[in-house]
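Student: Chains A and B are the protein sequences, given in the same order. Read left to right, the first sequence gives residues 3 to 369 (our numbering). Read left to right, the second sequence gives residues 3 to 553 (our numbering).
Errors might be hidden in some of the hints.
[As the list claims (entries may be wrong)] Distance condition first, Cα-Cα at most 25 Å in a straight line; then the derived SDA-like pairs of lysine to any residue:
id, chain 1, residue 1, chain 2, residue 2
1, A, Lys180, B, Leu13
2, A, Lys179, B, Asp11
3, B, Lys119, B, Pro91
4, B, Lys484, A, Arg290
5, A, Lys179, B, Arg19
6, A, Lys340, B, Pro91
7, A, Lys250, B, Gly430
8, B, Lys55, A, Ala289
9, A, Lys179, B, Pro34
[Claimed, not checked] Derived list of chain A stretches under chain B, where covered just means 3 residues or more per stretch with a C-beta under 8 Å from a C-beta of chain B:
id, segment
10, 162-175
11, 263-271
12, 287-297
13, 330-340
Everything labelled a hint here was simulated from the structure, so no lab data went into it. No residue lacks a Cβ here, since even glycine has one placed at the ideal position from N, Cα and C.
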Amino acid sequence: MRGSSPRMTAKHRGKSAYMRHMRPQDILLPTAAGLCCKPGGFHIDPVRPVERAVITHGHSDHARPGHGAVLATQETLDMMRLRYGDNFAGSTQAISYGEEIRLGDVKVKFHPAGHVLGSAQIAVSCKDTCIVASGDYKDARDPTCAPFELVPCDVFITEATFGLPVFRHGDAAEEVKKLLASARLFPERAHLVGAYSLGKAQRVIALLREAGYDAPIYLHGAMEKITYYYQSRGINLGELRPVRGEKKGDLAGTITLAPPSATSDIWTRRFPDPVTAFASGWMRVRARARQGGVELPLAISDHADWDGLTSTIAATGAGEIWVTHGQEDALVHWCKTKGLAAQPLDLVGYGDEDEGEAAVAPGEAEA
Amino acid sequence: MNRFAELLDRLAYEPGRNNKLRLITAYFREVPDPDRGYALAAITGALSFKHAKPGLIRDLIAERTDPVLFGLSYDYVGDLSETVALMWPKAVPLAGHNNPPPPTLVEVVTTLRTLGKTELPKQLSRWLDELDETGRWALLKLVTGAMRIGVSARLAKTAAAALGDKDPHDIELMWPGLSPPYLDLFAWLEGRADKPVNRDPAPFRPVMLAHAIEDADFKNLDAADFIAEWKWDGIRVQAVSGRDARGNMQARLYSRTGEDITNSFPDLVPSLHLPGAIDGELLVLRDGRVQTFNVLQQRLNRKVVSPKLMKDFPIHLRAYDLLGDDENDLRELPFVERRTHLEAFVKKLGDPRIDLSPTIPFDSWEALTAARADPASAGAGEDADAVEGVMLKRRDAPYLPGRPKGQWWKWKRDPHLIDAVLMYAQRGHGKRSSFYSDYTFGVWTNGEDGEQLVPVGKAYFGFTDEELLQIDRFVRRNTTEKFGPVRHVVHEPDQGLVLEVAFEGLQRSPRHKSGVAMRFPRINRLRWDKPPREADRLETLERMLTSVTGN
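In isolation and in its complexed conformation, chain A is listed as follows (with noise of 0.2 Å):
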């Protein structure tokens, strides 16, 4: 199936053809350091350092250092100079919702994505042609965030992480209920549940205040900054403590937030008999959670499941679809099957943030 789709490839960059007709990959086009506007003069989330950057929002694969220029929203930014520190990027820019701002020869706006705390979906109009490179994003709803923004378009570059029909994820909320009802069960040992630093774990620890769980929630040394972060920007999340120096036997009966890797290092030693959990979208795979060794799988994700991916391609109203990472396979061949153009975008770099072990800051690990 990939072998037939049409590739992007430098000859459609002629200069002349970009003067007469704007065809979308006049507009975007994927390169070795991202999908790049040329017309536009920057480039969108970019893997390698470039002189402009445009970032839809803070997750490691997304929001790397070193760029000449970034424009993002605030949001993003400070998490970014939470991360890299206040030299992560030559200058910066802050970018709201709904605020239009020229680049070049287009026309750049940014749209709530709905994924974390900041995540935006940037639309690049040029002359009649409107792509929205909607970054990672999700439809459900999420108390941790803007809500995400349906944005009409010629062309929608969507991502797949979760491309497939047997990704469907369900009631965050009832998710959360399964915890909660094995904290009941088991008070004599501690919860942890894996989470990735950066809005998941905010997101649980949202959805068990609104299930109405009022005690105390600990936290990982790696998750306290970002954690504190989303605190400082006005979002509840009742009280929260560093685990770091609580004793064992105090901590039966708590829930403890940390990156998944830590949930087998040997900083689980402290804990007594923990449970543990992960929530990620992932969990929706019986293998895929026994693998690694969970015993409280969490259906709960950051990003579209099939029924999102596939009903918000259709609500954009897009007569052409670029799939990015993820299972491009089988959603390109959904979308050929609604008779619409689609066809995979090879960009590299992307994955699910913490697939690898990126949200653990070196040096964090043990904390």
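Following the hints, complete the assembly by docking chain B onto the known chain A.
Tutor: Same frame as chain A, but now just chain B:
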């Protein structure tokens, strides 16, 4: 159905026995009759539905989904029931109707019992429409009978017993007389009714177990109080026969946990032609000689028992106790009296497949020590290879369920020991998931590249908690490579960790690179003092192979 699905889902991930028990007991407490009874039946394997086959389920999903998307999904998930459960399309509600409620477990079980083969697809798809993902998964697991959630029948019964603070042995005892949904059982467990009476003509009786004897125990024991027997390396079974209401003889063979294993040994059933209950060891005998456990293993866990299998591996029962003789319960009698009954019973049976386990004559612990060291010349003769030690039973001991103190002792032969080198380590599960607790060890051999280590086995217990910490630390500091969860640990002639490994038996194995496989290997001692170059060689194991198996 949803609550049952939730239970199965949670059990499938829970590695710890006690936690599994807690989960099941909590389910029994929360869920009313008759649902919980059918859940107990499902977990103990007491339900089976013959029409639901994987092919049927494949057809159902093919009608509803794009074949390309199904193919990609199935490749990703790897399990048919799960793939179907996850991608089953949402049902479109009928106009003017509210969504029907999902079926209860009772509804599913009772409907399936009476439903014909042709109506099954329609009914299944209706249920799949009504249930959520976990519910669909559990339904498909239930109807296809492939539960695989790591819960034994015994464990489920133990969880039920905990509901009423009862002894699980009591449930085993009455189990053959009970049937789903077990209303009488739950009524008794909740103190609402008397104990159900087992009307089974051939019921299981909870078994009596022995303690391992330590050197220090002997000084408090008088040899004159005990009878000794060989400890056979076979399978402990209980062979029970009795007449049903119509006067027909029923015979059953139970494992030591009360599991009915009669169907695996149909060749033994005709020999159980007198009413009674024998406690004994299941063995394979060829030309009157007891074969090793490795040979017996060919007869275990077989679904289909072919005539050839029965002929090549003739089954035999070696009797060492009699719990019931016709209508008489003998369990209150002292062992020495039961033994007299047993001798008479076996003689009356007069069957070549059932014989008496001989006693070992001894008048002092020294004499017994000598017999244990050399069973061949102490009466076991040519069967000595199948002896794994001696059993000591108090002459005056009644037959008590469980492991009562001081009544029965087992005194195993010393295990075989070798010094091997730690080669690879893997993380454990559950409580041990942060520890490298599964070890692959090897011995030296002269291979293509000169002297090299060849893996001969894996062990994951035998060490103390303190030793586990020490090995874990060693593994982390001496890892040379990582392959997923496996760490390659340094193993050079002068660098590495030597493990003293104890094991019970050795078998030729073409599947292992070394050509040998160990039975019951465990870490006996850590030899920090020993350089790896001084560890044992494969030739040593090969010599043991000839002396251990003898054939």
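Student: All hints are to be evaluated individually against the structure, with a verdict given for each.
Tutor: Taking the hints in turn, this is what the structure says about them:
Among the hinted pairs, Lys180 of chain A with Leu13 of chain B is consistent with the structure: their alpha-carbon atoms are about 13 Å apart, no more than 25 Å. Between Lys179 of chain A and Asp11 of chain B, the direct Cα distance comes to roughly 14 Å. Compliance with the 25 Å bound is thereby established for this hinted pair. Distance restraint check for Lys119 of chain B and Pro91 of chain B: the Cα-Cα separation of roughly 24 Å lies within the 25 Å cut-off, and the hinted pair is therefore satisfied. Between the alpha carbons of Lys484 of chain B and Arg290 of chain A the distance comes to roughly 20 Å, so the proposed pair stays at or under 25 Å and holds.
Our distance criterion of 25 Å between C-alpha atoms is met by Lys179 of chain A and Arg19 of chain B, whose separation comes to about 23 Å. For the proposed pair Lys340 of chain A and Pro91 of chain B, the alpha carbon gap of about 17 Å is at most 25 Å, so the pair holds. Between Lys250 of chain A and Gly430 of chain B the alpha-carbon distance is near 21 Å, which keeps this suggested pair within the 25 Å criterion. Distance check on the hinted pair: Lys55 of chain B and Ala289 of chain A sit about 22 Å apart at the alpha-carbon level, within 25 Å; holds.
With a C-alpha separation of about 21 Å, the suggested pair Lys179 of chain A and Pro34 of chain B falls inside the 25 Å cut-off, and the hint holds. Counting residues of the segment 162-175 of chain A whose C-beta lies closer than 8 Å to any C-beta of chain B gives 6; at least three are required, and the coverage claim holds. Chain B is given as covering the segment 263-271 of chain A, and this holds because 6 residues of the stretch bring a CB closer than 8 Å to a CB of that chain, at least three being needed. Taking a C-beta to C-beta cut-off of 8 Å, the segment 287-297 of chain A contributes 8 residues in contact with chain B, enough for the three needed, and the coverage statement holds.
Figure legend: the segment 330-340 of chain A, annotated as covered by chain B; annotation consistent (5 residues with Cβ-Cβ distances under 8 Å, at least 3 required).
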